[in-house]
Structure formats: structure tokens, C-alpha cells
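Enquirer: Mind docking chain B on chain A? Use the hints.
If you're matching them up, the sequences are chains A and B in order.
Just so you know, we're using our numbering here: the first sequence kicks off at 1 and counts up by one.
Just so you know, we're using our numbering here: the second sequence kicks off at 1001 and counts up by one.
If you are wondering where the hints come from, they were derived from the structure by calculation, not from laboratory data.
Any given hint could be a false lead.
Stretch by stretch, here's where chain B covers chain A in the computed footprint (C-beta under 8 Å, at least three residues) [unchecked claim]:
no.	region
1	79-90
2	109-120
Sample of chain A residues at the chain B side, in silico, Cβ under 10 Å [to be verified]:
no.	residue
3	Gln6
4	Asn8
5	Phe40
6	His41
7	Asp42
8	Phe125
9	Ile127
Note that the structure is a prediction, hence the values are computed from the model and not measured.
In this text, a Cβ means the ideal position worked out from N, Cα and C, and glycines have one as well.
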Amino acid sequence: MNFSIQINTSPYHSNAGCHAYHFILSALQQGHTIAKIFFFHDGIYHALKYTTPPDDELSQTLRWSKLANEFNIELLVCISAAQRRGLLSMNEAHKQGKNQDDLASGFQFSGLGQLIEATLMTDRFIIFG
Amino acid sequence: MIKKYLFVLRKPAYCGLYIQETVDIILTTAAFDQHISLLLLDEAVFHLKTNQQPQLAEKKQVSALLNALEIFDIKDIFLEAESLARYGLHTEDCDIPAKIINQVDVAEVIKHHDIVFSC
Chain A
1 MNFSIQINTS
11 PYHSNAGCHA
21 YHFILSALQQ
31 GHTIAKIFFF
41 HDGIYHALKY
51 TTPPDDELSQ
61 TLRWSKLANE
71 FNIELLVCIS
81 AAQRRGLLSM
91 NEAHKQGKNQ
101 DDLASGFQFS
111 GLGQLIEATL
121 MTDRFIIFG
Chain B
1001 MIKKYLFVLR
1011 KPAYCGLYIQ
1021 ETVDIILTTA
1031 AFDQHISLLL
1041 LDEAVFHLKT
1051 NQQPQLAEKK
1061 QVSALLNALE
1071 IFDIKDIFLE
1081 AESLARYGLH
1091 TEDCDIPAKI
1101 INQVDVAEVI
1111 KHHDIVFSC
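The following block holds chain A by itself, in its conformation from the complex (with noise of 0.2 Å):
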């Protein structure tokens, strides 16, 4: 089955991105796929490449990073959404200011539109959060 996701809440305010990663990674080993993952609401903060945790403690981000690397998954992150909240891609960055985006490694923006089209494309669309 081929499968569409969405994650709407931060890392740090909800255990809804954990339970997304470990629903997609089990799907994944069961032979499913997943065409999209998409960062909405303040889901974006899952993109931010500055987040620092502890070394005890798991970083969300760069599991999202490692996962998008081994299994080619693309992390899609609303530009509304992350503009909004001062995630900036390159383009934005520039015109404020800055010498570098705030994605990591794996995340790309993308519009709502690419979100509608991955409903439409896929079996099963699944929201968390």
C-alpha cells in the first residue's frame, strides 16, 4: 500500500511526530511505501536544522534526516507554515539577512498543493498530531 503523511504538531509538544516515525519505519519493513511526508502547522519545527538536544537525549530531526536518506522518502515542510514561524528557505533567508537556511538535511519546502496531490495519489493519507 502506498501511503501519504501528514505531522501537524512540534517535537517537543506532542509524542504524535515519535508515533509517525515509528508508523512509517514499521510500513516500510512490511514492504509499504510512502510517497510524501508533510510538515504542517507547527509540525515544521520536526525540519529545524539548529535544533541542539543533549547528547542523552534523541534528536527527531536527524532520525527524520537519516530516514529520508536510506529509504529516498521526501520530507515536504509547508512554506506558509514555516515562514510564518521564521523557518526560512535559502531564497528568504537572503532577503533577510542571513547567510543560511534553517532546513535539515532531507527536508525540502514545498506548497500545499504537492499535500493535495499526495492524497489524491495515495491508498491510505494519514494525519498526526
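Expert: Okay, now just chain B, sitting in the frame of chain A:
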């Protein structure tokens, strides 16, 4: 491809940016010419309450956003009767025409849609 989308709103009006961002998704879905319905449950019934003054809380008028949905041919807005009753609201308190359904009919409404967004 046409699918039937149901957006289930459960949070109160003016609870952060949830409704504005949810309306963004609804309008994007409308741009894809999909069939769209809304179901307002629990505190979300306050979205349609008349005579709100969100500017006092530095918020945009939600009912204006929801009114715009009709332009996109989104006419199926369902309100749960029990939620209205719980908060002492009546249909005449609502800004936008909506279909009142009972709690026992919610599952049936959900069953008639392909994609359910919980918002």
C-alpha cells in the same frame, strides 16, 4: 481524479492559527476541483457564531474566511446538534447556513468521504 474530502474541525475559533492554516488547505483542495465538505464538532461550532469581535484579540474574522468557501462551491457544512446544544447555541446564532446533524449520523457522514482531514 475526484475524491470526496471531509474537513473535521474540533478546535474553537481563534485558537492560534489553526483555522487560518486549515482554510489554506481547504482552498487549495478546492483549486484541485475536489468535492469538499466541512464538519464542525465540539468547540468548533463557535466558528460560525455571529457577532464576534476578533479584532479585540488581534485576530482575523474567521466567519469571513468561511463565508468565502461558498465562492468555491463548498456548500456542505455540517454542524453537530449535540455540540451546539452543549454550548447553548442555536442555528440562528450562526453566520453561515449549515446542515444540522445528530451525533449518531457523524459516522455516516465520515463514511461517505474518501479523505478525512482532522483539524
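Enquirer: Tell me if the interface restraint on isoleucine 127/A is satisfied: Cβ within less than 10 Å of some Cβ in chain B.
Expert: 6 Å, holds
Enquirer: Checking hints one by one. Is phenylalanine 40/A an interface residue toward chain B, by the C-beta closer than 10 Å rule?
Expert: The hint holds - phenylalanine 40/A has a Cβ within 10 Å of chain B, the shortest such distance being about 7 Å.
Enquirer: With chain B as the partner, please determine if histidine 41/A meets the hint condition of a C-beta pair closer than 10 Å.
Expert: 6 Å, holds
Enquirer: Hint validation: asparagine 8/A versus chain B, beta carbon distance must be below 10 Å. Holds or violated?
Expert: Interface hint status for asparagine 8/A: holds (9 Å vs cutoff 10 Å).
Enquirer: Using a Cβ cutoff of 8 Å, are there at least 3 residues of the region 79-90 of chain A near chain B, or does the coverage claim fail?
Expert: Holds: 3 residues of the region 79-90 of chain A have a Cβ under 8 Å from chain B.
Enquirer: Does the CB of phenylalanine 125/A sit less than 10 Å away from some CB of chain B?
Expert: 6 Å, holds
Enquirer: With a C-beta cutoff of 8 Å, work out whether three or more residues of the region 109-120 of chain A approach chain B closely enough for the coverage to hold.
Expert: The restraint on the region 109-120 of chain A holds, since 8 of its residues have a Cβ under 8 Å from chain B and three suffice.
Enquirer: Does glutamine 6/A hold up as a contact with chain B if the rule is Cβ-Cβ below 10 Å?
Expert: Because about 8 Å separates glutamine 6/A from the closest Cβ in chain B, which is inside the 10 Å limit, the hint holds.
Enquirer: Regarding the hint that aspartate 42/A lies at the interface with chain B, is the smallest CB-CB distance below 10 Å?
Expert: 9 Å, holds
Checked against the numbered hints above, the structure breaks none of them.
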